[in-house]
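Q: One letter stands for each residue in the lines below.
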Amino acid sequence: MKRATKINLLLVLAVLLLACLPLVLGLGDDEEEPFTGSDAQAETAITENDPDYEPWFSPIYEPPSGEIESGLFAAQAAIGAGVVGYFLGVVRTRRKYAAGTASGTWTADPAAPGARPAPAADTTAEGDADQAETGARS
Amino acid sequence: MHIAEGYLPWQHAAAWGAVSAPFVVHGARALTVQVRQRPENTLLLGASGAFSFVLSALKIPSVTGSCSHPTGTGLGAILFRPPVMAVLGTITLLFQALLLAHGGLTTLGANAFSMAIVGPWAGYAVYRLVRSWLPDNLDIAVFAGAFVADLSTYCVTSVQLALAFPDPDSGFAGALAKFSGIFSVTQIPLAVSEGLLTVLVIRLLRQSGAAELVRLGVDKPTDRSADKPADTADTADTADTADKPAGQSVGKADDERVDEPGGNAEDPAVTTTTPTETAK
Chain V
72 MKRATKINLL
82 LVLAVLLLAC
92 LPLVLGLGDD
102 EEEPFTGSDA
112 QAETAITEND
122 PDYEPWFSPI
132 YEPPSGEIES
142 GLFAAQAAIG
152 AGVVGYFLGV
162 VRTRRKYAAG
172 TASGTWTADP
182 AAPGARPAPA
192 ADTTAEGDAD
202 QAETGARS
Chain U
2 MHIAEGYLPW
12 QHAAAWGAVS
22 APFVVHGARA
32 LTVQVRQRPE
42 NTLLLGASGA
52 FSFVLSALKI
62 PSVTGSCSHP
72 TGTGLGAILF
82 RPPVMAVLGT
92 ITLLFQALLL
102 AHGGLTTLGA
112 NAFSMAIVGP
122 WAGYAVYRLV
132 RSWLPDNLDI
142 AVFAGAFVAD
152 LSTYCVTSVQ
162 LALAFPDPDS
172 GFAGALAKFS
182 GIFSVTQIPL
192 AVSEGLLTVL
202 VIRLLRQSGA
212 AELVRLGVDK
222 PTDRSADKPA
232 DTADTADTAD
242 TADKPAGQSV
252 GKADDERVDE
262 PGGNAEDPAV
272 TTTTPTETAK
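Going line by line, the protein sequences match chains V and U. Its first residue numbered 72, the first sequence is counted upward by one per residue in our numbering. Its first residue numbered 2, the second sequence is counted upward by one per residue in our numbering.
There may be inaccurate statements among the hints.
[Said to hold, decoys possible] Label pairs and their computed distance ranges (CB to CB):
| hint | chain 1 | residue 1 | chain 2 | residue 2 | range |
| --- | --- | --- | --- | --- | --- |
| 1 | U | 136 | V | 78 | 19 to 25 angstroms |
| 2 | U | 99 | V | 83 | 28 to 34 angstroms |
| 3 | V | 94 | U | 20 | 35 to 41 angstroms |
Don't read these hints as lab results, they were simulated from the structure. For clarity, every value in this text was computed on a predicted model and none was experimentally measured. Where is the CB? At the ideal position from N, CA and C, for every residue including glycine.
Start from the sequences, fold in the hints, and give me the full structure.
A: Here you go:
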């Protein structure tokens, strides 16, 4: 595996670890309701500091259930991830294509899938085969 | 996690709205200019906004036993400068306020100020600072920038709430400690995660040889790419490179090709990652 790919994978692993550790270590066990949103905790703190405070405006639309809310959050992440992934794909393809057209550059990166199959070699191979064939005939 | 709908007294809500509005308007103009003058960067611009979209949707558990989410604004601030993120961040906030009852319309000004204005600016400042100290290490500068953009957002949220709801006994300071405990401390591991993810995206862009990084002066801030007008048509450049002999001559031709994806492959700063990496 390439070193750069290894580092990238390590980055992903580190992020996953950071997300999982609080769960594995049970850091939410002391709470009444573990791992609630920090915004909900802030609402509680506001009421503590100012017991008379009443929110003066409520959301125009509220997802009717937790399922629908999680679905909308998933949609948000999916849209975002889709666009980011599309962009990375475009960039890679563009480079592949450019590597194929710009003479010489493709040899610098033989592992690139865009490395063109060296037309010259193909023709000689064909030519050889032809010659061999004609040789066999004669 | 943003300030919930209706949870700021209206005077505060209005004041934060008034503070944020000029930034967002200025950002909208910067965005328009960016799209008009550099249409070739628009796709990356969209991807930066999308990155913020993804990260804001991910609620991640933290060491405090509660959950919060990253902001994803550091990437765009580093790539396109902070004014643009004032708009993209506000769009993300608006989406969540309207459809998810997360954050809110009345608190949009305050939330935009923390996530779309202070976060990107603080992150960008730190990124530039680290970049000037360590010009050769892009990853560390990106990490620092994204980390600060994320964390500073929630520090501002804590200040905003402490201003609106001072502690009955200890006043502003006590309230700030309380809200910081809820928001900022929770955010520290998430800010690390966001830093790592932002570094990952930048690395992937470099490894795919994204010409945008050079064009935007992120990967290799050179005068020639910065001064260049909108990218010349790809076809013209391709023809140029196709005519070139196989040997990699140095000089004028290379200068012309820096802005072009193909030319990018020969750019020393960009290639440091790719060919050497594949060789191993």
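Q: Give a verdict on every hint.
A: Cross-check of the supplied hints:
1. U:136 to V:78: 19 to 25 angstroms: holds, 20 angstroms
2. U:99 to V:83: 28 to 34 angstroms: Since the Cβ atoms of residue 99 (chain U) and residue 83 (chain V) sit about 32 angstroms apart, the hinted range of 28 to 34 angstroms holds.
3. V:94 to U:20: 35 to 41 angstroms: Given a distance of about 38 angstroms, which is inside 35 to 41 angstroms, the answer is holds.
Checked against the numbered hints given earlier, the structure satisfies every one of them.
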